[in-house]
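Please model the entire structure based on the sequences and the hints provided.
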Amino acid sequence: MKLTLTTSLLLGLVILGFAAMASRSLGQMGAADADDRREAGKELVDGLTGALIKRTALSAITALVDTNFSALRELAESTTKEFRDIAFVQVLDDAGQVMADSRGQRDKDDRPGFGQQVARAGAGEIVTLEVGTERLLRVFGVRLVSAGRTLGQLRVGYSMAGFEQRLSGTLERNHARASAAVRQMVLVAAGFLVLAIALALFQSRRIAQPIRRLSEQASRIAAGDLSHRVQVGAKDEIGTLSSDFNHMADRVAMLLEQTRERVALEKELEVARIIQETLLPPADLIRAGCMQLAAHYQPASVCGGDFWSYHVRPDGRTVIVIADVTGHGVPAALITATALGCLQTLHTGRTDLLGPEAILSALNHAVYVAGRRHELAMTCHVSLVDPESGLIEYANAAHTFPYVIHRGNKMSVLACGGPRLGDAANTTYQLRTHQLEPGDHIVWFTDGACECVNDANEQWGDRRFRATIAAGLKAGLAEPLGLRDHVLAAMHGFIGPTPPPDDVTLVVGRVLPMGSLTPLPLEAGGLQRAS
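For the sequence shown, the residue numbers in our numbering are 1 to 531.
Be a bit skeptical, because a hint or two may be false.
In silico lysine-lysine, PhoX-like type, Cα no more than 20 Å apart, as pairs [said to hold, decoys possible]: (1) K474 / K410; (2) K42 / K54; (3) K81 / K54.
In case anyone wonders, no lab produced these hints; they're calculated from the structure.
Okay, here's the thing in C-alpha coordinates:
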(Lines of atoms letter the chains of each structure in order from A; the text may use other names.)
(Lines give C-alpha, C1' and ligand atoms only; values in the text may rest on other atoms or scores of the structure.)
Protein backbone atom coordinates (compact mmCIF):
# COMPACT_ATOMS: atom_id res chain seq x y z
CA MET A 1 0.00 0.00 0.00
CA LYS A 2 2.84 2.42 0.90
CA LEU A 3 4.53 1.62 -2.39
CA THR A 4 1.30 2.35 -4.26
CA LEU A 5 0.77 5.66 -2.46
CA THR A 6 4.38 6.66 -2.99
CA THR A 7 4.22 5.78 -6.65
CA SER A 8 0.97 7.70 -7.08
CA LEU A 9 2.42 10.74 -5.33
CA LEU A 10 5.54 10.54 -7.47
CA LEU A 11 3.51 10.31 -10.67
CA GLY A 12 1.41 13.28 -9.56
CA LEU A 13 4.52 15.32 -8.88
CA VAL A 14 5.89 14.30 -12.26
CA ILE A 15 2.71 15.46 -13.97
CA LEU A 16 2.72 18.78 -12.10
CA GLY A 17 6.41 19.23 -12.82
CA PHE A 18 5.86 18.44 -16.48
CA ALA A 19 3.00 20.94 -16.64
CA ALA A 20 5.11 23.61 -14.93
CA MET A 21 8.02 22.95 -17.26
CA ALA A 22 5.77 23.01 -20.29
CA SER A 23 4.20 26.29 -19.16
CA ARG A 24 7.59 27.80 -18.47
CA SER A 25 8.98 26.57 -21.79
CA LEU A 26 5.99 28.01 -23.65
CA GLY A 27 6.46 31.30 -21.81
CA GLN A 28 10.14 31.39 -22.73
CA MET A 29 9.29 30.50 -26.31
CA GLY A 30 6.69 33.30 -26.36
CA ALA A 31 9.22 35.81 -24.99
CA ALA A 32 11.80 34.69 -27.52
CA ASP A 33 9.20 34.91 -30.29
CA ALA A 34 8.29 38.42 -29.13
CA ASP A 35 11.92 39.48 -29.22
CA ASP A 36 12.36 37.97 -32.68
CA ARG A 37 9.20 39.70 -33.95
CA ARG A 38 10.26 43.00 -32.37
CA GLU A 39 13.69 42.85 -34.01
CA ALA A 40 12.12 41.89 -37.33
CA GLY A 41 9.69 44.81 -36.97
CA LYS A 42 12.54 47.20 -36.28
CA GLU A 43 14.40 45.99 -39.34
CA LEU A 44 11.24 46.45 -41.44
CA VAL A 45 10.65 49.95 -39.98
CA ASP A 46 14.27 50.88 -40.65
CA GLY A 47 13.96 49.72 -44.25
CA LEU A 48 10.65 51.47 -44.97
CA THR A 49 11.60 54.65 -43.13
CA GLY A 50 14.98 54.68 -44.87
CA ALA A 51 13.27 54.62 -48.25
CA LEU A 52 10.80 57.28 -47.12
CA ILE A 53 13.45 59.62 -45.74
CA LYS A 54 15.53 59.38 -48.89
CA ARG A 55 12.50 60.20 -51.02
CA THR A 56 11.51 63.06 -48.71
CA ALA A 57 15.10 64.35 -48.63
CA LEU A 58 15.07 64.99 -52.39
CA SER A 59 11.97 67.15 -52.09
CA ALA A 60 13.38 68.96 -49.05
CA ILE A 61 16.66 69.73 -50.86
CA THR A 62 14.70 71.24 -53.79
CA ALA A 63 12.64 73.43 -51.44
CA LEU A 64 15.73 74.58 -49.54
CA VAL A 65 17.58 75.48 -52.72
CA ASP A 66 14.53 77.49 -53.88
CA THR A 67 14.05 78.88 -50.34
CA ASN A 68 10.45 77.71 -50.63
CA PHE A 69 9.69 77.31 -46.91
CA SER A 70 5.95 76.89 -47.43
CA ALA A 71 6.72 73.84 -49.59
CA LEU A 72 8.86 72.48 -46.71
CA ARG A 73 5.95 72.81 -44.27
CA GLU A 74 3.54 71.17 -46.72
CA LEU A 75 6.06 68.36 -47.26
CA ALA A 76 6.35 67.74 -43.50
CA GLU A 77 2.58 67.81 -42.90
CA SER A 78 1.66 65.66 -45.95
CA THR A 79 4.24 63.01 -45.09
CA THR A 80 2.93 62.77 -41.52
CA LYS A 81 -0.68 62.44 -42.74
CA GLU A 82 0.24 59.88 -45.42
CA PHE A 83 1.80 57.42 -42.96
CA ARG A 84 -0.08 56.91 -39.69
CA ASP A 85 2.95 55.70 -37.67
CA ILE A 86 5.06 58.72 -38.64
CA ALA A 87 5.16 60.84 -35.46
CA PHE A 88 6.76 63.93 -37.01
CA VAL A 89 8.82 65.25 -39.92
CA GLN A 90 11.31 68.03 -39.23
CA VAL A 91 13.62 70.04 -41.54
CA LEU A 92 16.50 72.13 -40.14
CA ASP A 93 18.95 74.41 -41.89
CA ASP A 94 22.74 74.06 -41.57
CA ALA A 95 22.70 76.34 -38.49
CA GLY A 96 20.29 74.09 -36.58
CA GLN A 97 17.24 76.35 -36.99
CA VAL A 98 13.92 74.55 -37.53
CA MET A 99 12.64 75.38 -41.01
CA ALA A 100 9.60 73.07 -40.92
CA ASP A 101 8.05 70.77 -38.34
CA SER A 102 4.84 68.77 -38.70
CA ARG A 103 4.15 69.30 -34.97
CA GLY A 104 4.40 73.11 -35.23
CA GLN A 105 7.19 75.57 -35.94
CA ARG A 106 10.10 75.68 -33.46
CA ASP A 107 12.95 78.14 -33.28
CA LYS A 108 15.88 75.75 -32.81
CA ASP A 109 16.99 72.12 -32.64
CA ASP A 110 15.56 70.26 -29.61
CA ARG A 111 18.09 67.37 -29.97
CA PRO A 112 21.48 69.07 -30.53
CA GLY A 113 23.42 65.88 -29.65
CA PHE A 114 21.58 63.92 -32.29
CA GLY A 115 22.12 66.79 -34.73
CA GLN A 116 25.85 66.55 -34.19
CA GLN A 117 25.79 62.81 -34.98
CA VAL A 118 23.88 63.50 -38.21
CA ALA A 119 26.30 66.32 -39.13
CA ARG A 120 29.23 63.92 -38.80
CA ALA A 121 27.55 61.22 -40.90
CA GLY A 122 28.40 60.76 -44.53
CA ALA A 123 26.24 61.99 -47.39
CA GLY A 124 23.17 59.77 -47.66
CA GLU A 125 23.97 57.94 -44.38
CA ILE A 126 20.95 57.58 -42.09
CA VAL A 127 21.49 57.98 -38.30
CA THR A 128 18.99 56.33 -35.94
CA LEU A 129 18.06 57.27 -32.34
CA GLU A 130 15.67 55.48 -29.94
CA VAL A 131 13.84 57.90 -27.60
CA GLY A 132 12.15 57.29 -24.24
CA THR A 133 12.53 54.64 -21.54
CA GLU A 134 10.39 52.18 -23.51
CA ARG A 135 12.06 53.23 -26.77
CA LEU A 136 8.77 53.45 -28.62
CA LEU A 137 9.96 56.35 -30.78
CA ARG A 138 12.68 55.88 -33.39
CA VAL A 139 14.15 59.03 -34.89
CA PHE A 140 15.93 58.92 -38.27
CA GLY A 141 18.19 61.73 -39.47
CA VAL A 142 20.07 62.46 -42.71
CA ARG A 143 22.13 65.38 -44.00
CA LEU A 144 20.66 67.39 -46.85
CA VAL A 145 23.48 67.95 -49.34
CA SER A 146 23.39 69.76 -52.67
CA ALA A 147 26.39 70.30 -54.93
CA GLY A 148 28.72 69.21 -52.12
CA ARG A 149 27.28 71.80 -49.68
CA THR A 150 25.31 70.88 -46.54
CA LEU A 151 21.95 72.66 -46.60
CA GLY A 152 20.60 71.22 -43.35
CA GLN A 153 19.07 68.05 -41.91
CA LEU A 154 15.92 66.02 -42.36
CA ARG A 155 14.52 64.10 -39.39
CA VAL A 156 11.67 61.64 -39.34
CA GLY A 157 10.20 60.23 -36.11
CA TYR A 158 8.54 56.79 -36.30
CA SER A 159 6.25 55.68 -33.44
CA MET A 160 6.53 51.99 -32.46
CA ALA A 161 3.46 52.18 -30.17
CA GLY A 162 1.08 50.78 -32.77
CA PHE A 163 3.45 47.99 -33.64
CA GLU A 164 3.88 47.07 -29.95
CA GLN A 165 0.08 47.08 -29.47
CA ARG A 166 -0.44 44.74 -32.42
CA LEU A 167 2.44 42.53 -31.19
CA SER A 168 0.94 42.31 -27.67
CA GLY A 169 -2.40 41.19 -29.08
CA THR A 170 -0.75 38.45 -31.10
CA LEU A 171 1.24 37.23 -28.07
CA GLU A 172 -1.86 37.15 -25.86
CA ARG A 173 -3.72 35.01 -28.38
CA ASN A 174 -0.72 32.64 -28.64
CA HIS A 175 -0.46 32.44 -24.84
CA ALA A 176 -4.15 31.58 -24.53
CA ARG A 177 -3.82 28.76 -27.06
CA ALA A 178 -0.69 27.44 -25.26
CA SER A 179 -2.46 27.50 -21.86
CA ALA A 180 -5.36 25.55 -23.28
CA ALA A 181 -2.98 22.95 -24.69
CA VAL A 182 -1.23 22.60 -21.30
CA ARG A 183 -4.59 22.14 -19.51
CA GLN A 184 -5.55 19.46 -22.00
CA MET A 185 -2.25 17.65 -21.47
CA VAL A 186 -2.71 17.78 -17.67
CA LEU A 187 -6.23 16.31 -17.96
CA VAL A 188 -4.98 13.46 -20.16
CA ALA A 189 -2.06 12.79 -17.80
CA ALA A 190 -4.44 12.79 -14.80
CA GLY A 191 -6.57 10.15 -16.52
CA PHE A 192 -3.52 7.97 -17.05
CA LEU A 193 -2.58 8.54 -13.40
CA VAL A 194 -5.95 7.22 -12.19
CA LEU A 195 -5.55 4.17 -14.41
CA ALA A 196 -2.00 3.58 -13.12
CA ILE A 197 -3.16 3.80 -9.49
CA ALA A 198 -5.85 1.21 -10.12
CA LEU A 199 -3.38 -1.18 -11.76
CA ALA A 200 -0.83 -0.61 -8.98
CA LEU A 201 -3.40 -1.43 -6.28
CA PHE A 202 -4.31 -4.64 -8.05
CA GLN A 203 -0.70 -5.70 -8.55
CA SER A 204 0.40 -4.77 -5.01
CA ARG A 205 -2.30 -6.96 -3.47
CA ARG A 206 -1.14 -9.80 -5.69
CA ILE A 207 2.53 -9.69 -4.60
CA ALA A 208 2.28 -8.29 -1.06
CA GLN A 209 1.96 -11.63 0.70
CA PRO A 210 4.98 -13.36 -0.93
CA ILE A 211 7.12 -10.27 -0.27
CA ARG A 212 6.10 -10.21 3.39
CA ARG A 213 7.20 -13.85 3.78
CA LEU A 214 10.43 -13.07 1.97
CA SER A 215 11.03 -10.10 4.26
CA GLU A 216 10.68 -12.29 7.35
CA GLN A 217 13.24 -14.75 6.02
CA ALA A 218 15.61 -11.91 5.04
CA SER A 219 15.40 -10.53 8.61
CA ARG A 220 16.67 -13.84 9.94
CA ILE A 221 19.61 -13.68 7.54
CA ALA A 222 20.28 -10.07 8.55
CA ALA A 223 20.29 -11.13 12.21
CA GLY A 224 23.25 -13.40 11.49
CA ASP A 225 21.59 -16.70 10.70
CA LEU A 226 23.62 -17.29 7.54
CA SER A 227 22.83 -20.99 7.59
CA HIS A 228 19.16 -20.34 6.89
CA ARG A 229 17.98 -20.27 3.31
CA VAL A 230 14.79 -18.92 1.74
CA GLN A 231 12.47 -21.42 0.08
CA VAL A 232 12.29 -20.72 -3.65
CA GLY A 233 8.71 -20.90 -4.94
CA ALA A 234 7.37 -19.97 -8.36
CA LYS A 235 9.65 -19.01 -11.22
CA ASP A 236 8.62 -15.35 -11.24
CA GLU A 237 10.23 -12.17 -9.90
CA ILE A 238 9.62 -13.25 -6.29
CA GLY A 239 11.22 -16.61 -6.97
CA THR A 240 14.20 -14.91 -8.58
CA LEU A 241 14.50 -12.58 -5.58
CA SER A 242 14.41 -15.57 -3.21
CA SER A 243 17.19 -17.24 -5.17
CA ASP A 244 19.21 -14.02 -5.04
CA PHE A 245 18.79 -13.89 -1.25
CA ASN A 246 20.19 -17.42 -0.95
CA HIS A 247 23.13 -16.47 -3.20
CA MET A 248 23.68 -13.34 -1.10
CA ALA A 249 23.83 -15.41 2.09
CA ASP A 250 26.44 -17.71 0.52
CA ARG A 251 28.51 -14.72 -0.62
CA VAL A 252 28.29 -12.98 2.76
CA ALA A 253 29.48 -16.11 4.56
CA MET A 254 32.39 -16.44 2.13
CA LEU A 255 33.27 -12.73 2.40
CA LEU A 256 33.26 -12.88 6.20
CA GLU A 257 35.71 -15.75 6.08
CA GLN A 258 37.90 -13.89 3.59
CA THR A 259 37.76 -10.76 5.77
CA ARG A 260 38.96 -12.73 8.80
CA GLU A 261 41.84 -14.10 6.74
CA ARG A 262 42.67 -10.64 5.35
CA VAL A 263 42.70 -9.07 8.81
CA ALA A 264 45.05 -11.77 10.03
CA LEU A 265 47.32 -11.22 7.01
CA GLU A 266 47.30 -7.46 7.50
CA LYS A 267 48.34 -7.91 11.12
CA GLU A 268 51.19 -10.17 10.02
CA LEU A 269 52.24 -7.61 7.39
CA GLU A 270 52.17 -4.84 9.98
CA VAL A 271 54.39 -6.90 12.26
CA ALA A 272 56.74 -7.56 9.32
CA ARG A 273 56.85 -3.83 8.54
CA ILE A 274 57.66 -2.95 12.15
CA ILE A 275 60.39 -5.59 12.25
CA GLN A 276 61.83 -4.34 8.96
CA GLU A 277 61.87 -0.72 10.16
CA THR A 278 63.66 -1.72 13.37
CA LEU A 279 66.39 -3.38 11.27
CA LEU A 280 67.06 -0.13 9.38
CA PRO A 281 69.03 2.81 10.83
CA PRO A 282 66.97 5.73 12.17
CA ALA A 283 66.08 8.78 10.07
CA ASP A 284 67.99 11.12 12.42
CA LEU A 285 71.45 12.51 11.78
CA ILE A 286 73.93 9.66 12.31
CA ARG A 287 77.62 9.94 13.25
CA ALA A 288 79.45 6.94 11.77
CA GLY A 289 83.23 7.20 12.14
CA CYS A 290 84.41 10.03 9.93
CA MET A 291 80.99 10.31 8.26
CA GLN A 292 77.78 12.18 8.99
CA LEU A 293 74.79 10.31 7.49
CA ALA A 294 71.11 11.19 6.99
CA ALA A 295 68.76 8.76 5.22
CA HIS A 296 65.18 8.44 4.00
CA TYR A 297 63.34 5.18 3.36
CA GLN A 298 59.85 4.97 1.81
CA PRO A 299 58.47 1.56 0.75
CA ALA A 300 56.03 1.36 -2.16
CA SER A 301 53.83 -1.07 -0.18
CA VAL A 302 53.56 -2.23 3.43
CA CYS A 303 56.87 -4.08 3.18
CA GLY A 304 59.64 -2.88 0.90
CA GLY A 305 62.60 -4.39 -0.93
CA ASP A 306 65.10 -1.57 -0.29
CA PHE A 307 67.45 -1.35 2.66
CA TRP A 308 70.62 0.38 3.78
CA SER A 309 72.95 -0.10 6.71
CA TYR A 310 76.23 1.13 8.12
CA HIS A 311 78.87 -0.31 10.41
CA VAL A 312 81.89 1.32 12.04
CA ARG A 313 84.75 -1.13 12.36
CA PRO A 314 87.14 -1.11 15.33
CA ASP A 315 89.85 0.45 13.18
CA GLY A 316 87.56 3.46 12.43
CA ARG A 317 86.65 2.49 8.88
CA THR A 318 82.97 2.81 8.02
CA VAL A 319 81.00 0.37 5.85
CA ILE A 320 77.89 1.72 4.06
CA VAL A 321 75.64 -0.75 2.24
CA ILE A 322 72.60 0.09 0.11
CA ALA A 323 70.53 -2.49 -1.79
CA ASP A 324 67.36 -2.94 -3.82
CA VAL A 325 65.50 -6.24 -4.28
CA THR A 326 63.67 -6.72 -7.57
CA GLY A 327 60.03 -5.94 -6.83
CA HIS A 328 58.55 -5.14 -3.43
CA GLY A 329 56.12 -6.62 -0.93
CA VAL A 330 56.49 -9.60 1.38
CA PRO A 331 58.87 -11.73 -0.81
CA ALA A 332 61.20 -8.76 -1.27
CA ALA A 333 61.06 -8.02 2.47
CA LEU A 334 62.10 -11.61 3.24
CA ILE A 335 65.13 -11.31 0.95
CA THR A 336 65.94 -7.99 2.63
CA ALA A 337 65.84 -9.63 6.06
CA THR A 338 68.11 -12.42 4.81
CA ALA A 339 70.65 -9.93 3.46
CA LEU A 340 70.59 -7.86 6.67
CA GLY A 341 71.13 -11.02 8.74
CA CYS A 342 74.07 -11.96 6.55
CA LEU A 343 75.55 -8.46 6.96
CA GLN A 344 75.18 -8.68 10.73
CA THR A 345 77.14 -11.93 10.69
CA LEU A 346 79.85 -10.43 8.46
CA HIS A 347 80.31 -7.54 10.90
CA THR A 348 81.50 -9.92 13.64
CA GLY A 349 84.63 -11.96 14.10
CA ARG A 350 87.42 -12.14 11.54
CA THR A 351 84.97 -11.45 8.70
CA ASP A 352 84.96 -7.85 9.95
CA LEU A 353 88.10 -7.38 7.86
CA LEU A 354 86.40 -8.24 4.56
CA GLY A 355 86.53 -5.68 1.75
CA PRO A 356 83.52 -4.49 -0.26
CA GLU A 357 84.02 -7.09 -3.01
CA ALA A 358 84.16 -9.94 -0.47
CA ILE A 359 81.04 -8.64 1.27
CA LEU A 360 79.18 -8.68 -2.06
CA SER A 361 80.30 -12.26 -2.76
CA ALA A 362 79.02 -13.38 0.64
CA LEU A 363 75.72 -11.54 0.18
CA ASN A 364 75.37 -13.05 -3.31
CA HIS A 365 75.45 -16.58 -1.91
CA ALA A 366 72.86 -15.77 0.77
CA VAL A 367 70.48 -14.05 -1.69
CA TYR A 368 70.90 -16.87 -4.22
CA VAL A 369 69.89 -19.51 -1.68
CA ALA A 370 66.94 -17.48 -0.32
CA GLY A 371 65.60 -16.07 -3.57
CA ARG A 372 66.09 -18.68 -6.29
CA ARG A 373 62.72 -20.33 -5.60
CA HIS A 374 60.92 -17.05 -6.32
CA GLU A 375 63.45 -15.90 -8.92
CA LEU A 376 64.30 -12.82 -6.87
CA ALA A 377 67.56 -10.91 -7.21
CA MET A 378 69.13 -7.84 -5.61
CA THR A 379 71.25 -4.89 -6.66
CA CYS A 380 73.73 -3.68 -4.08
CA HIS A 381 76.56 -1.20 -3.52
CA VAL A 382 79.11 -1.50 -0.70
CA SER A 383 81.39 1.41 0.31
CA LEU A 384 84.24 1.38 2.81
CA VAL A 385 85.55 4.80 3.98
CA ASP A 386 89.02 4.96 5.58
CA PRO A 387 89.43 8.03 7.86
CA GLU A 388 93.23 7.86 7.78
CA SER A 389 93.92 7.74 4.02
CA GLY A 390 90.70 9.43 2.89
CA LEU A 391 90.10 6.60 0.40
CA ILE A 392 86.67 5.13 -0.28
CA GLU A 393 86.78 1.53 -1.50
CA TYR A 394 83.67 0.30 -3.21
CA ALA A 395 82.18 -2.59 -5.17
CA ASN A 396 78.92 -2.71 -7.09
CA ALA A 397 76.37 -5.39 -7.97
CA ALA A 398 74.35 -3.75 -10.80
CA HIS A 399 73.23 -0.94 -8.43
CA THR A 400 72.78 2.73 -9.30
CA PHE A 401 76.11 4.55 -9.03
CA PRO A 402 76.50 6.87 -6.02
CA TYR A 403 77.64 10.47 -6.51
CA VAL A 404 80.59 12.18 -4.81
CA ILE A 405 80.37 15.98 -4.70
CA HIS A 406 83.68 17.66 -3.95
CA ARG A 407 84.15 21.22 -2.82
CA GLY A 408 83.18 23.64 -5.58
CA ASN A 409 80.25 21.33 -6.55
CA LYS A 410 82.47 19.13 -8.72
CA MET A 411 80.55 15.87 -9.08
CA SER A 412 82.09 12.41 -9.59
CA VAL A 413 80.45 9.00 -10.02
CA LEU A 414 81.48 5.88 -8.12
CA ALA A 415 81.06 3.75 -11.24
CA CYS A 416 81.75 0.06 -11.09
CA GLY A 417 80.10 -2.87 -12.86
CA GLY A 418 79.06 -6.25 -11.54
CA PRO A 419 76.18 -8.80 -11.79
CA ARG A 420 73.16 -8.73 -9.50
CA LEU A 421 73.15 -10.66 -6.25
CA GLY A 422 71.35 -13.96 -6.58
CA ASP A 423 71.71 -14.45 -10.34
CA ALA A 424 74.38 -17.14 -9.89
CA ALA A 425 75.69 -19.19 -6.95
CA ASN A 426 79.31 -18.00 -7.16
CA THR A 427 80.17 -14.54 -8.43
CA THR A 428 83.18 -12.27 -7.98
CA TYR A 429 83.13 -8.49 -7.92
CA GLN A 430 85.61 -5.73 -8.74
CA LEU A 431 87.08 -3.39 -6.15
CA ARG A 432 87.71 0.28 -6.93
CA THR A 433 88.87 3.30 -4.92
CA HIS A 434 88.28 7.06 -4.93
CA GLN A 435 90.05 9.81 -2.99
CA LEU A 436 87.89 11.85 -0.60
CA GLU A 437 88.51 15.19 1.06
CA PRO A 438 86.99 16.68 4.24
CA GLY A 439 83.68 18.36 3.39
CA ASP A 440 82.96 16.08 0.41
CA HIS A 441 79.42 14.74 0.09
CA ILE A 442 78.39 11.25 -0.99
CA VAL A 443 74.82 10.44 -2.13
CA TRP A 444 73.73 6.79 -2.24
CA PHE A 445 70.28 5.98 -3.60
CA THR A 446 68.08 3.33 -5.18
CA ASP A 447 66.56 3.67 -8.66
CA GLY A 448 63.15 4.49 -7.13
CA ALA A 449 64.50 7.94 -6.20
CA CYS A 450 64.99 8.83 -9.88
CA GLU A 451 62.30 6.83 -11.64
CA CYS A 452 59.25 8.26 -9.85
CA VAL A 453 56.73 9.91 -12.19
CA ASN A 454 54.09 12.65 -11.90
CA ASP A 455 50.43 12.66 -12.99
CA ALA A 456 51.53 13.38 -16.60
CA ASN A 457 53.64 10.17 -16.53
CA GLU A 458 56.79 12.30 -16.77
CA GLN A 459 59.80 10.82 -14.98
CA TRP A 460 61.79 12.92 -12.51
CA GLY A 461 64.98 11.43 -13.89
CA ASP A 462 68.66 11.42 -13.03
CA ARG A 463 69.28 14.88 -14.56
CA ARG A 464 66.79 16.60 -12.21
CA PHE A 465 68.10 14.51 -9.31
CA ARG A 466 71.72 15.67 -9.84
CA ALA A 467 70.65 19.28 -10.47
CA THR A 468 68.68 19.30 -7.19
CA ILE A 469 71.72 18.06 -5.24
CA ALA A 470 73.95 20.72 -6.81
CA ALA A 471 71.37 23.45 -6.12
CA GLY A 472 71.08 22.43 -2.47
CA LEU A 473 74.84 22.52 -1.93
CA LYS A 474 75.09 25.84 -3.75
CA ALA A 475 72.42 27.20 -1.37
CA GLY A 476 74.60 26.26 1.60
CA LEU A 477 72.86 23.02 2.66
CA ALA A 478 76.09 21.23 3.56
CA GLU A 479 74.60 19.45 6.57
CA PRO A 480 73.24 16.01 5.44
CA LEU A 481 69.80 16.44 7.00
CA GLY A 482 69.20 19.73 5.22
CA LEU A 483 70.45 18.41 1.87
CA ARG A 484 68.36 15.24 2.22
CA ASP A 485 65.19 17.20 2.98
CA HIS A 486 65.90 19.57 0.08
CA VAL A 487 66.14 16.65 -2.38
CA LEU A 488 62.98 14.98 -1.02
CA ALA A 489 61.00 18.24 -1.17
CA ALA A 490 62.01 18.72 -4.80
CA MET A 491 61.09 15.12 -5.68
CA HIS A 492 57.66 15.26 -4.02
CA GLY A 493 57.03 18.71 -5.46
CA PHE A 494 57.58 17.24 -8.92
CA ILE A 495 55.50 14.06 -8.59
CA GLY A 496 52.73 15.72 -6.53
CA PRO A 497 50.22 13.39 -4.85
CA THR A 498 51.18 10.43 -7.05
CA PRO A 499 52.76 7.76 -4.80
CA PRO A 500 56.16 6.45 -6.00
CA PRO A 501 55.75 3.19 -7.92
CA ASP A 502 58.92 1.72 -6.37
CA ASP A 503 60.67 1.80 -3.01
CA VAL A 504 62.69 4.97 -2.44
CA THR A 505 65.90 4.99 -0.39
CA LEU A 506 68.20 8.02 -0.17
CA VAL A 507 71.36 8.29 1.97
CA VAL A 508 73.28 11.58 2.16
CA GLY A 509 76.75 11.53 3.73
CA ARG A 510 79.36 14.19 4.52
CA VAL A 511 83.04 13.46 5.10
CA LEU A 512 84.42 14.84 8.37
CA PRO A 513 88.14 15.75 8.81
CA MET A 514 90.36 12.74 8.12
CA GLY A 515 92.36 11.20 10.93
CA SER A 516 90.10 12.55 13.69
CA LEU A 517 86.60 12.23 14.99
CA THR A 518 86.13 15.99 15.29
CA PRO A 519 83.14 17.03 13.15
CA LEU A 520 83.11 20.07 10.87
CA PRO A 521 81.43 23.20 12.30
CA LEU A 522 77.66 23.10 11.81
CA GLU A 523 75.97 25.61 9.54
CA ALA A 524 73.80 28.39 10.96
CA GLY A 525 70.59 27.00 12.33
CA GLY A 526 72.10 23.80 13.70
CA LEU A 527 70.89 20.31 12.97
CA GLN A 528 67.47 19.58 11.54
CA ARG A 529 65.59 16.56 12.73
CA ALA A 530 64.33 14.15 10.07
CA SER A 531 60.63 14.11 9.54
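Hints, verified against the model:
1. K474 / K410: holds (11 Å)
2. K42 / K54: holds (18 Å)
3. K81 / K54: holds (18 Å)
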